[in-house]
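**Q** Chains as they are written, first to last, in this note's numbering: chain W, 1 to 495; chain R, 1 to 166; chain Z, 1 to 535.
It is worth saying that the hints were derived from the structure and are not from the lab.
Glycine included, every Cβ here is placed at the ideal spot set by N, Cα and C.
It is possible that part of the hints are untrue.
[To be verified] Quick list of the computed label-pair ranges, beta carbon to beta carbon:
| hint | chain 1 | residue 1 | chain 2 | residue 2 | range |
| --- | --- | --- | --- | --- | --- |
| 1 | W | Ala485 | R | Gly9 | 30 to 40 Å |
| 2 | R | Gly71 | Z | Gln34 | 23 to 33 Å |
| 3 | R | Ser46 | Z | Gln2 | 19 to 29 Å |
| 4 | Z | Glu225 | R | Ser32 | 55 to 65 Å |
| 5 | R | Glu40 | W | Arg409 | 16 to 26 Å |
| 6 | Z | Arg49 | R | Asn21 | 37 to 47 Å |
[Unchecked claim] Facing chain R, according to a computed beta carbon distance under 10 Å, are these residues of chain Z, among others:
| hint | residue |
| --- | --- |
| 7 | Leu63 |
| 8 | Asp65 |
| 9 | Pro66 |
| 10 | Gly67 |
| 11 | Ser250 |
| 12 | Pro524 |
| 13 | Ile525 |
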Amino acid sequence: MAAISFPFETVLIANRGEIAVRIIGSLRKLGLRAAIVYHEVDAATPAVALADVAFKISGRTPVSAYLDAEQIVTAARTVGAGALHPGYGFLSENAGFARAVAAAGIAFIGPSPEAIELMGDKIRARNFVEGNGFPVAPSAIEESDPPTFLARARSIGVPLLVKPSAGGGGKGMRIVRDLDLLEDAVAQARSEGQRYFGDGRLYIERYVEKPRHIEVQVLGDAFGNVVHLFERECSVQRRFQKIIEETPSPALSPQMRQRICETAAGIARAAGYRNAGTVEFIFGGGEFYFLEMNTRLQVEHPVTEMITGVDLVAEQIAIAANRPLSFRQPDISAQGHAIEARLYAESPERGFLPTSGKVLMLDYPHEQGVRVDSGIAQGQSITTAFDPMLAKVIVHAPTRDAAVAKAIRAVQKVVLLGCETNAAFLARVLGDAGFRSGEVHTGYLDENPTIASGIDGDPDEVTGLLAVAALVTRPVRDAADAVPALHAAIGDWRN
Amino acid sequence: MFHKFDLGGVMHELWLAPTVNGYYLRILDGWSGPVAFAEESTGRGSLTVAGTSEAVAFAVDGDVIHIHMRGRTRSLRYVDPLRALASVDGDDGHNVARAPMPGTVVALKVVPGDAVTAGTVLVVIESMKLETQIRASQDGIVERLHVKDGDSFDRDAILVTLSQGN
Amino acid sequence: MQRIVSLTDTRAQEFRTNDVHNRRLAAELRERQQAARFARPERDLERLRRQNKMFVRDRIQALLDPGTPFLELSTLAGNKAYDNEVPGAAQVVGIGIVSGREVIVHADDASVKGGAWYPLSVKKIVRALDVAIENRLPVVHLCDSAGGFLPLQAEFFADRYYAGRIFRNQSILSKMGVPQVAVVMGHCTAGGAYVPALSDYNIIVRGTGAIFLAGPPLVKAATGEEVSVEELGGADMHTSVSGTGDYFASSEMHALAIARDIVARFNRIPKAAVDHVAPEQPAYDPSELYGIIPKDPRVQFDMREIVARLADGSRFHEYQPRYGQTLVCGFARLHGYQIGILANNGVLFSDSALKGAHFIQLCDKNRTPLLFLQNITGFMVGRDYERRGITKDGAKLIMAVAGAAVPKFTVVCNGSYGAGTYGMSGRAFDPRFMFTWPQSQISVMGAEQAAGVLTDIKAKQLARNGERLSEPQLAAIREPILEDYRERSSAYYATSELWDDGILDPVDTRNALAIALSAALNAPIEAPHYGVFRM
């Protein structure tokens, strides 16, 4: 990207962990100053150390600090930030926050508040997409006519997916395969929607069996130019939480790929979308339906960057500086295959129990075609205060098979001692026959629980572990060293 | 009396004996043979088991040994025999409520001196946005609270100590 | 140091005969030891289980460092006494490694008569503590005894080396700075209560352990007071109220873990310095000993053949090889330690006695421990020998043996008779450890000789009154004497009476001596000095 000048010098990052580190990286490249807000528990994290300025914030809980719009805007003003990057999660899709930032004269590195509001309301978004002629799943929206809601749902036919309309991240969603269970599912989804999102409204749509989650990266500038940067497949999920993402999707033919990507671009264009966003679809049985649009940078954006060579964060910043996109659709091409595996502080072998601990040793693989986006450093403590994602391991290779092999090796080379992670599980998923053949869908992991639980260590491995443990544990070593040579030589002898 | 290590909830007993030029490992109901470990740099070394060597990364945290070998990380806990054998019959007169997973304290439901029965909720904790109630496993009297509202704790941390009821 | 060249033909008929015979004796020894160690009526084992008690050998196994040897002493004590109903005299004693330290383990065997102390039990315990004192070895007591066996109290109570000596020895050990740990795993009553009380450290097991001068029934009889075992002397009371108990253990395994942790605190002082190099196995197979020891105990054999199967590399530096040839003297190594060996190749003459006395002094000055391999019928008798001073030369040998400051070890390989027993460092001369081989015999003179002498005396007595004995009558006098001698000079009788520290399978001798020697070096070696040698 040619050197450009920006109307701001300092960008405040209203986020933490690996994405904050990621954003700082692009800011450095562009010669901009990185400021960050942080809660006390994150004081020892690499993002805080790398930033040029760090501003401490506080809250009743650590999470609440990062949700405190007022504190963050004040921080931005105080450090003289001319722009603010919200990362993902937290306030990144909060229209009120986007407005407050703009009102403070700070450029919000993201879409307009209106776009956020439109796509944030699942029902509004769905109606908008359908109204513009793009495919949506047959559905029943409660709000349009509450008394007939259940009847309309029944007429779609099973299988059905009940969702809170204010929801996201899979919370409150329920699959109904038997109409007799519909009313109960509705009641439960409503109460969860109320509890998690403060909104009990629902909508029900056709559930695609063995659905594949395909999403498309889009970028739009302030001048109405919208491009897509191809799709990502995120079907390896657990309870609607993504674990492994890749591009290109092994499920799509070139024609289908084109259709889906152009649909996504079309939706973004119709919404007058600006900055980075992702349009998510459900694909199955040769059909695809609009699921939702995420009006922010996504966790799995690196795989797109690997195949296109585009720095999405840098593009976001340029767009926020009112630059036009420096490329057109024909300029964007994809090379090879990229896979991302998310490293979590959890134990899949023990029912995905969250884990914690101090990072006693940290070492990532360093080789060609392997990129690790990490938010942690050796010596810091991992707690359950936040989402358990620690790092992303991303690989790029000429073919899918080569990428899978490289990803397995990379994940096995991750050394993180002191806090249990899902690294072994990631290797098992990547090595699974179903994954290797590309035949996955969003229910795949749930259907194959042994991938999570793993197989018991082979005796050889146990021997090696016990040998290391014995030799490095002082009481064991000291007890051995204490035995006189004569008696050790004679051994277990009785007269 | 053998040394005990807990690996994934399974107890393994072993003994390390010195030999003329190294050590000999004996795993109860398992393998026995010569072993050696050469530490090459902090936390990194080469393990040799019966002549075959492989690279190992390790970190020791109190009684826990974290080991990365063959592309996997596992953790073992050295079980101190004095502690393990002493607490076999309920910590001589005490029973404790431990955290089943790492998390934060949402609410304390008892104060020292309270008499509780088995099943009484002692503490409410939150972990990964799930609330869990920690209950007394047997009748007793609350002796001491080891945490307060908002405190974070690790798995197995002692939250409440109770003494046997009269 | 050159290697002994063995002249034994392992394919000869004689070798094979001996081999079969000695292997049978070794097998018999193993069986009898196995029975003494483990054979118990099921109801006694069942009782232990009900009482939540571990079998004594399981306790010892848990106490010792895994993968280390245990040299058990006097396994067959009491095997010829009390109708053989008190195997091991209800005691297990041995040298083992606990937390890397050499210790004496002394354990009551509660599976035998409740662990009661018989006269031989007391003798075994006193011996164990004597070993601890002489060699400065820490002691771990595993206490679980029903107390003294009262019907035989006259044989274990009052005399100088009876039960009181146990407590005197404990006190002396403590005075010497040699620590003791007592693990109370049963009732320590009356005298038994002093074992933990006189130990520097003690541990009491909850529920089964108790310490009291008198138990509840005796207390009730004495003062009318009614009190439970727990209240009177249980773990809780003694560790929190009276302070008699140091550590409270919730189980036997817990107690043993604590004991190991206590022993791990013991200071390790440098051992006596004895010349030492890397160990080497004998060049000849030790199992050839079975073929070398003659089946007929009256047949002579060359002790060098024995040495060749005991010493490192079968190397032996012989001293005065051409003089006093009935006593082989020389230096060898045992598991790397240099030792001086004296071994009998026949009757002792003046020259061999002088050679022995001289060699002992050489080793003493050189700080070289001594190993006596006995196969001795006695000193030469007769007019010429007396004129040449055999008596005073024998006295010089005894004076040297008695005065030697270096540790002495004795193995009775075959016969051990008369003054030869003494000159070759018998029990009375304080070898640190004394072992025998299964075929060995020990008595003041050979059975035949004794029977002959006594029959003769009887016959002469009767002849004064004019009576003459017929052949059958002579036989009737001779036979019981022979019988008695044979019975009471056997290795099994000797070990039953604790005249030695145990019978060894010959092939175990090397390991046993190495462990014994290593243990002995925990005591400093005094400077050499002797009484007057009658010149």
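**Q** Could you check if glycine 67 of chain Z really has its C-beta closer than 10 Å to a C-beta on chain R?
**A** At 4 Å from the nearest chain R Cβ, glycine 67 of chain Z passes the 10 Å test, so the hint holds.
**Q** The hint names aspartate 65 of chain Z as touching chain R; please verify it with the least Cβ-Cβ distance against 10 Å.
**A** 8 Å, holds
**Q** Between glutamate 40 of chain R and arginine 409 of chain W, does the beta-carbon spacing fit 16 to 26 Å?
**A** Holds, since glutamate 40 of chain R and arginine 409 of chain W (Cβ atoms, about 22 Å apart) stay within the stated range.
**Q** Measuring from beta carbon to beta carbon, are serine 46 of chain R and glutamine 2 of chain Z in 19 to 29 Å?
**A** 44 Å, violated
**Q** Was the hint right that proline 66 of chain Z lines chain R, CB cutoff 10 Å?
**A** Holds, because the Cβ-Cβ distance from proline 66 of chain Z to chain R comes to roughly 4 Å (cut-off 10 Å).
**Q** Given the hint of 37 to 47 Å, check if arginine 49 of chain Z and asparagine 21 of chain R actually sit that far apart at their C-beta atoms.
**A** 44 Å, holds
**Q** Kindly confirm whether 23 to 33 Å is satisfied by the beta carbon distance between glycine 71 of chain R and glutamine 34 of chain Z.
**A** Roughly 50 Å apart at Cβ, these two residues miss the hinted range, so it is violated.
**Q** Would you say the C-beta atoms of alanine 485 of chain W and glycine 9 of chain R sit inside 30 to 40 Å of each other?
**A** Holds, since alanine 485 of chain W and glycine 9 of chain R (Cβ atoms, about 37 Å apart) stay within the stated range.
**Q** Grab the minimum C-beta distance from serine 250 of chain Z to chain R and call the hint holds if it beats 10 Å, violated otherwise.
**A** With Cβ-Cβ at 5 Å, under 10 Å, it holds.
**Q** Does the interface hint hold: is proline 524 of chain Z within less than 10 Å of chain R, judged Cβ to Cβ?
**A** At 26 Å from the nearest chain R Cβ, proline 524 of chain Z fails the 10 Å test, so the hint is violated.
**Q** When the nearest CB of chain R is found for leucine 63 of chain Z, is that gap smaller than 10 Å?
**A** 7 Å, holds
**Q** Tell me if isoleucine 525 of chain Z is really an interface residue toward chain R, meaning its C-beta lies closer than 10 Å to one of theirs.
**A** 27 Å, violated
Checked against the numbered hints given earlier, the structure breaks hints 2, 3, 12, 13 and satisfies all the rest.
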